[in-house]
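Protein chains: 2
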Amino acid sequence: MENIGKMARKAQNSGVRFRPHFKTHQSAEIGEWFREFGVVSITVSSVDMAVYFSKNGWKDITIAFPVNICEIERINELASKISLNLLVDSHETTLFVIDNLKYKSRAWIDIDVGYKRTGVSWEEPDKVARLAAEIEGSKNLSFAGVLTHAGHSYSAKSTKEVGQVYFDTLNRMKFVQNRLEAKGFSNVETSVGDTPTCSITENFDGLDEIRPGNFVFYDVMQLKLGSCSEEDIAVSLACPVVAKCKERNEIVIHGGAVHLSKEFILDEKGRENFGYVSVPQENGWGPILQNAYVSSLSQEHGIVKAVNDLFDKIQIGDMLMIIPVHSCLTADLMREYVTTEGKLLQMMPKFL
Amino acid sequence: MENIGKMARKAQNSGVRFRPHFKTHQSAEIGEWFREFGVVSITVSSVDMAVYFSKNGWKDITIAFPVNICEIERINELASKISLNLLVDSHETTLFVIDNLKYKSRAWIDIDVGYKRTGVSWEEPDKVARLAAEIEGSKNLSFAGVLTHAGHSYSAKSTKEVGQVYFDTLNRMKFVQNRLEAKGFSNVETSVGDTPTCSITENFDGLDEIRPGNFVFYDVMQLKLGSCSEEDIAVSLACPVVAKCKERNEIVIHGGAVHLSKEFILDEKGRENFGYVSVPQENGWGPILQNAYVSSLSQEHGIVKAVNDLFDKIQIGDMLMIIPVHSCLTADLMREYVTTEGKLLQMMPKFL
Numbered sequence: 007m008e009n010i011g012k013m014a015r016k017a018q019n020s021g022v023r024f025r026p027h028f029k030t031h032q033s034a035e036i037g038e039w040f041r042e043f044g045v046v047s048i049t050v051s052s053v054d055m056a057v058y059f060s061k062n063g064w065k066d067i068t069i070a071f072p073v074n075i076c077e078i079e080r081i082n083e084l085a086s087k088i089s090l091n092l093l094v095d096s097h098e099t100t101l102f103v104i105d106n107l108k109y110k111s112r113a114w115i116d117i118d119v120g121y122k123r124t125g126v127s128w129e130e131p132d133k134v135a136r137l138a139a140e141i142e143g144s145k146n147l148s149f150a151g152v153l154t155h156a157g158h159s160y161s162a163k164s165t166k167e168v169g170q171v172y173f174d175t176l177n178r179m180k181f182v183q184n185r186l187e188a189k190g191f192s193n194v195e196t197s198v199g200d201t202p203t204c205s206i207t208e209n210f211d212g213l214d215e216i217r218p219g220n221f222v223f224y225d226v227m228q229l230k231l232g233s234c235s236e237e238d239i240a241v242s243l244a245c246p247v248v249a250k251c252k253e254r255n256e257i258v259i260h261g262g263a264v265h266l267s268k269e270f271i272l273d274e275k276g277r278e279n280f281g282y283v284s285v286p287q288e289n290g291w292g293p294i295l296q297n298a299y300v301s302s303l304s305q306e307h308g309i310v311k312a313v314n315d316l317f318d319k320i321q322i323g324d325m326l327m328i329i330p331v332h333s334c335l336t337a338d339l340m341r342e343y344v345t346t347e348g349k350l351l352q353m354m355p356k357f358l
Numbered sequence: 007m008e009n010i011g012k013m014a015r016k017a018q019n020s021g022v023r024f025r026p027h028f029k030t031h032q033s034a035e036i037g038e039w040f041r042e043f044g045v046v047s048i049t050v051s052s053v054d055m056a057v058y059f060s061k062n063g064w065k066d067i068t069i070a071f072p073v074n075i076c077e078i079e080r081i082n083e084l085a086s087k088i089s090l091n092l093l094v095d096s097h098e099t100t101l102f103v104i105d106n107l108k109y110k111s112r113a114w115i116d117i118d119v120g121y122k123r124t125g126v127s128w129e130e131p132d133k134v135a136r137l138a139a140e141i142e143g144s145k146n147l148s149f150a151g152v153l154t155h156a157g158h159s160y161s162a163k164s165t166k167e168v169g170q171v172y173f174d175t176l177n178r179m180k181f182v183q184n185r186l187e188a189k190g191f192s193n194v195e196t197s198v199g200d201t202p203t204c205s206i207t208e209n210f211d212g213l214d215e216i217r218p219g220n221f222v223f224y225d226v227m228q229l230k231l232g233s234c235s236e237e238d239i240a241v242s243l244a245c246p247v248v249a250k251c252k253e254r255n256e257i258v259i260h261g262g263a264v265h266l267s268k269e270f271i272l273d274e275k276g277r278e279n280f281g282y283v284s285v286p287q288e289n290g291w292g293p294i295l296q297n298a299y300v301s302s303l304s305q306e307h308g309i310v311k312a313v314n315d316l317f318d319k320i321q322i323g324d325m326l327m328i329i330p331v332h333s334c335l336t337a338d339l340m341r342e343y344v345t346t347e348g349k350l351l352q353m354m355p356k357f358l
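Chains Z and W, in that order, are what the protein sequence lines are. Counting from 7, one number per residue, gives the positions in the first sequence under our numbering. Counting from 7, one number per residue, gives the positions in the second sequence under our numbering.
It is worth saying that the hints were derived from the structure and are not from the lab. Note that the structure is predicted; figures quoted are calculated from it, not measured. Hints are not guaranteed to be accurate.
Stated by the list, open to error - Which stretches of chain W does chain Z cover? Using the computed rule of at least three CB atoms under 8 Å from a CB of chain Z, they are:
(1) 96-109
(2) 118-125
(3) 240-251
(4) 271-280
Cβ coordinates follow ideal geometry from the N, Cα and C atoms, glycine included.
Construct the complete structure from the given sequences, taking the supplied hints into account.
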């Protein structure tokens, strides 16, 4: 809740729309927490997720994933019911949508500001303008603006580098926006949205919308990046201890790749680390243990390396709390949460 | 089906029990295919999975994961209904099970033959004997034998190395078995079960049981290890093309970490490879394309690097068939299969 409040307040202070990404938590009940902060528009990463949240009362949804033309029927169904925002980055897809969309929707053009995953390069504003003109000339699509995900912020080595990514993103998006306005397009909005830049940035002046998602939970990766402090981390996975090996100082937990995902970070010693370790406490978990880490994962097993004193304290049958490396992927592997008050929160079904 | 038949025949020829691991496919319908080859006993990796398959008519199940003492109630419920085989590797867990198990079950002792994950080291047969004596002295547990998973076969660099792992495993298991029999234990069975060694080995003389699982589908990892040929690979993930980037020769698919898992191999050039690429054909898919591979994954996006001629042929809206690096983890992220005849096969629910 505190993470949501903090991000909502920053957005409000800067006068930008807060359209949080719900792909991290995938839970209608957690979604409700956002309403307390005035959130009415959200982001999702798939048509499935858009259907789920629309059924749970969300009326303004952006699917921040390039339109998959195979899903046009379900997109039409959604567009008939809610205010739907689509993402396009190619002439082919845009034409297809224009020809097949039956209800009014808004289209954002995906801009690549340096992540090099999807989107039209920010250095090609004329290409963006051609797409915008196609959209504007269509019957059911209206041009919303330009949208980017500066995912290269995840490769930053320091908060200073994250700040540089934000600075470049802002300037590149403004550059494209200005070029579009110079060509006569009006009300071109700019939307950005990765958790690292949104977390370290205090104000979003000059932008129209932010779409972070991971910040609701944070995780090991974000802690390493400096996007959050340890206290901000709001999710962990309870894993029972099933075996111990004294010779190797290894504790075996029931918590493997099908629970945590195989995402890892390299620690300062160059070792693969699949999660930080903590112990349960009343209402949650204690500080991250400095003398333990998840050193490997197979399908169901996790191996926790723990130095002597800690190793001796942990017994078979105890619970360890694992802080995930990437909370989006860990949450995706689960289907419910338990709050620190013991309440069960459901997630969307894995497949609709 | 052919993979199952081949493995079943090899087991039969060697006179060993074939107790396939069902964690790879997790599907009652695929489970039925095994019955045609006389399979009546199976392996699973969790209590959830044991409950699911017991409800689908399987009466002899080994949970090849060290007993999680927190799950004793559900274990008792299972033990009241089916012939249940448990796995232990510590005095603490064994004692707990002895004190709390209410129905007859069999216990296997987990042996570490070199993988260094769980199990009593094969070099400590006296420790194994002490555990066996505890089991034999209990009311509801009977001692089945020694069980191992030689998972280090996955790190082998050649089929010759896989063969060496099998040879060592066989000898080490026989060594423990002999020591136990010398101490007066009778009918001590030996059970082994990783796909690489079971695939390259032609006969299992000297063993009592094999438990491979992945061989039902195989995958990129097994192909690289030499455990299978390309034609043996029996699963792939259909991923629609949503965008293309000419400058980088990249095709963006809707197929990310939440579909394929983040498991990767390093190719001969040292590049991370998250999957091989093929194109759909009538009744399946064509040969693995030599000029394309999945170079990175985010939550929903996959990036396929494709050289010029192929890049130009693939259009937005086309389907690409991705051969998973690790089919167990990819299957775990899905909830159903479509056979090459177009039949839908359900998997077990993600959580029971």
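Review point. Are there at least three residues in the stretch 118-125 of chain W whose beta carbon sits under 8 Å from a beta carbon of chain Z?
Key: This one holds; 3 residues, not fewer than the three required, reach chain Z with a Cβ under 8 Å.
Review point. Counting residues of the stretch 240-251 of chain W with a beta carbon closer than 8 Å to any beta carbon of chain Z, are there 3 or more?
Key: holds (count 5)
Practice item. Count residues of the stretch 271-280 of chain W with a Cβ under 8 Å from any Cβ of chain Z, then say if the count reaches three. Key: As far as the stretch 271-280 of chain W goes, the hint is violated, because 0 residues have Cβ atoms under 8 Å from chain Z.
**Study point:** Stated coverage of the stretch 96-109 of chain W by chain Z [criterion: 3+ residues, CB within 8 Å]
**Key:** holds (count 4)
Of the numbered hints listed earlier, the single one contradicted by the structure is hint 4.
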